[in-house]
Amino acid sequence: MSGVDWLVLFGTLGAIVAYGTYKTRGIKSVGTYLRGGEDSRWYTVGLSIMATQASAITFLSTPGQGFEDGLGFVQFYFGVPIAMVILSATIVPIYYRTRVLTAYEYLEQRFDLKTRQLTAAIFLLQRGLGTGISIYAPAIVLSAVLGWPTPVTTVAIGLIVIAYTVSGGTRAVNQTQQLQMAVMLSGMALAVAVIIRQLPVSLGEAVAVAGVMGKLKAVDYSLRPDTRYTFWSGITGGTFVALAYFGTDQSQVQRYLSGESLAQTRLGMLMNGLLKVPMQLLILSVGVFVFVFFQFNPSPVFWNRAALERARPAIAPLEQRHEELFAEKQQLLGRWRAGEPVQAELAAVEAKDRDVRAEARKAVAKADPLANTKDSDYVFLTFVMTRFPAGLVGLLLAVILCAAMSATASAMNALGTTTMVDFYKRSLNPKVDNDRALRLTRWFTAGWGLVAIGFALVASRLDNLIQAVNILGSIFYGPMLGVFLVGFFTKRVRGTAVFVAVLAAQALVIAVFAASDIGFLWYNVIGCAAVVAIALAWTALRPGSLPAQ
Amino acid sequence: MDADEEDRRWRKAYAVVLLALAVTVAALTALSKVAW
Numbered sequence: 005m006s007g008v009d010w011l012v013l014f015g016t017l018g019a020i021v022a023y024g025t026y027k028t029r030g031i032k033s034v035g036t037y038l039r040g041g042e043d044s045r046w047y048t049v050g051l052s053i054m055a056t057q058a059s060a061i062t063f064l065s066t067p068g069q070g071f072e073d074g075l076g077f078v079q080f081y082f083g084v085p086i087a088m089v090i091l092s093a094t095i096v097p098i099y100y101r102t103r104v105l106t107a108y109e110y111l112e113q114r115f116d117l118k119t120r121q122l123t124a125a126i127f128l129l130q131r132g133l134g135t136g137i138s139i140y141a142p143a144i145v146l147s148a149v150l151g152w153p154t155p156v157t158t159v160a161i162g163l164i165v166i167a168y169t170v171s172g173g174t175r176a177v178n179q180t181q182q183l184q185m186a187v188m189l190s191g192m193a194l195a196v197a198v199i200i201r202q203l204p205v206s207l208g209e210a211v212a213v214a215g216v217m218g219k220l221k222a223v224d225y226s227l228r229p230d231t232r233y234t235f236w237s238g239i240t241g242g243t244f245v246a247l248a249y250f251g252t253d254q255s256q257v258q259r260y261l262s263g264e265s266l267a268q269t270r271l272g273m274l275m276n277g278l279l280k281v282p283m284q285l286l287i288l289s290v291g292v293f294v295f296v297f298f299q300f301n302p303s304p305v306f307w308n309r310a311a312l313e314r315a316r317p318a319i320a321p322l323e324q325r326h327e328e329l330f331a332e333k334q335q336l337l338g339r340w341r342a343g344e345p346v347q348a349e350l351a352a353v354e355a356k357d358r359d360v361r362a363e364a365r366k367a368v369a370k371a372d373p374l375a376n377t378k379d380s381d382y383v384f385l386t387f388v389m390t391r392f393p394a395g396l397v398g399l400l401l402a403v404i405l406c407a408a409m410s411a412t413a414s415a416m417n418a419l420g421t422t423t424m425v426d427f428y429k430r431s432l433n434p435k436v437d438n439d440r441a442l443r444l445t446r447w448f449t450a451g452w453g454l455v456a457i458g459f460a461l462v463a464s465r466l467d468n469l470i471q472a473v474n475i476l477g478s479i480f481y482g483p484m485l486g487v488f489l490v491g492f493f494t495k496r497v498r499g500t501a502v503f504v505a506v507l508a509a510q511a512l513v514i515a516v517f518a519a520s521d522i523g524f525l526w527y528n529v530i531g532c533a534a535v536v537a538i539a540l541a542w543t544a545l546r547p548g549s550l551p552a553q
Numbered sequence: 286m287d288a289d290e291e292d293r294r295w296r297k298a299y300a301v302v303l304l305a306l307a308v309t310v311a312a313l314t315a316l317s318k319v320a321w
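Sequences listed follow chains P and U, in order.
For the first sequence, the residue numbers in this note's numbering are 5 to 553.
For the second sequence, the residue numbers in this note's numbering are 286 to 321.
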């Protein structure tokens, strides 16, 4: 990396952190610290929501998805605009009316203390571990591509985020996220422009090549259960996941509760609904154009170079086969551009090449069982490092680090807030004064930051743990959404019914996880439906649990 | 502005967001069906 790149990278990150810290200096009120002063305009709310969801792995994995499977992944986001409309019309006005600081506080108003603290505890467990992953996941990719030691990247990202999140609270997170989002969007738009300029063919031809190779099949209306991303799974499962995430996860709820008014918050959420799908299309199209680029330029058979080297003797014949197929593709593309109908032959060669790459992944896994074999995560960063001009490399690294920091900051902010509001202030010391509450919330936030860094550091030695954390998230999201749905849309169900329902639904989802091969996405549906059904059944069968008329 | 008028305006805003989604899906469907 050149000196200019380092300057751009540290200049961008330093300026954002300095701005966030400066704008939020001297916060004296715990209310301002937790709710961000309730003066955020709609664009701050909208950008903050988007930045919270955009983690570093979004910018590493999504172009990789585009490279491998084309635009189809965008269907997963079709549920976001629908969820934004539903939440704006139903849940958000309730949060505003009840003046809550956390989503779980509402559950005590609606049900009882035990339901509030059970859901808050589930959030702390799930998000506390998840935050470690959001630091660790980009650290492994950055270290593989840049040669930086993983612990250095992990600790550096973690400590920077702790510094400004602890100092400025919610407002610092929102203020920095505005700038981080601006860097992310402009960085990706520039990336598209640079990649298009590097293509050896015109833009029109590049699009046609992507089309011939099947990368522009964005919408799939088939009902096959083995196809992960279809229109139907996006509209149903995608809406479901988005409702649970945006409606009940404190790291998101805290973003929009900082809005100046209900109207500003709603506008911010609708902004997310309008921009999310185009943004994902932009990031996926980066991957598609990188794919087109490598139809005309040689590419490695496996993109994680460090792991490839370790598998070298076994992988040599596969590399040779990959090169032969590349030569064949070149020939066919030449004939196709001359007007010959060779689309079917091209697709066949591409399918063979995919098989060769799958073989290569197996060979790498055999040589090093701990290697990250999802090599599509490395495609975009490798392209940036080897093909982008000086200065832009630094900017694109800033994009990835901004994403890591923005997602982590929201989570730490929410974890600290939940610990203070739902546990310390509620049960341990209800009369805590402003200064002490502010000081303690800062300590809680820093503490959760250190837990996340610690988890990220050991995650490298516990590869299966990451998988476990991802499953953990899916196991808990469904029942969590179920509790809120029962709260919002029923009047008769009381605290004990929903508390029992959560425990039973949780046990059911864990049993489904242990005893079946059902995909993760369905845990959300099963958990949510079970909570609603059990809570309603309990209420119907135990009329004594109804409130006195 | 009274509450009904405000509700109407929000419903319009929601319709715009959902219409944008529908237009995007229609455009992407058309793109998926092109025989290159």
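These are computed hints drawn from the structure, not numbers from a lab.
One or more hints might be untrue.
Listed next, the stretches of chain P that the computed footprint assigns to chain U, with coverage defined by at least 3 CB atoms under 8 Å from CB atoms of chain U [unchecked claim]: (1) 83 to 95; (2) 214 to 221; (3) 270 to 278.
The list that follows gives simulated cross-link-like pairs (lysine to aspartate or glutamate, DMTMM-like), each with its CA atoms no further than 20 Å apart [said to hold, decoys possible]: (4) 318/U to 209/P; (5) 318/U to 73/P; (6) 356/P to 372/P; (7) 318/U to 224/P; (8) 366/P to 349/P.
Think of the CB as a built atom: it goes at the ideal place given N, C-alpha and C, for glycine as much as any other residue.
Outcome of the hint check:
{"no.": "1", "hint": "83 to 95", "verdict": "holds (count 6)"}
{"no.": "2", "hint": "214 to 221", "verdict": "holds (count 4)"}
{"no.": "3", "hint": "270 to 278", "verdict": "holds (count 5)"}
{"no.": "4", "hint": "318/U to 209/P", "verdict": "holds, 17 Å"}
{"no.": "5", "hint": "318/U to 73/P", "verdict": "holds, 16 Å"}
{"no.": "6", "hint": "356/P to 372/P", "verdict": "violated, 25 Å"}
{"no.": "7", "hint": "318/U to 224/P", "verdict": "holds, 10 Å"}
{"no.": "8", "hint": "366/P to 349/P", "verdict": "violated, 26 Å"}
Of the numbered hints given earlier, the model fails hints 6 and 8; all others are met.
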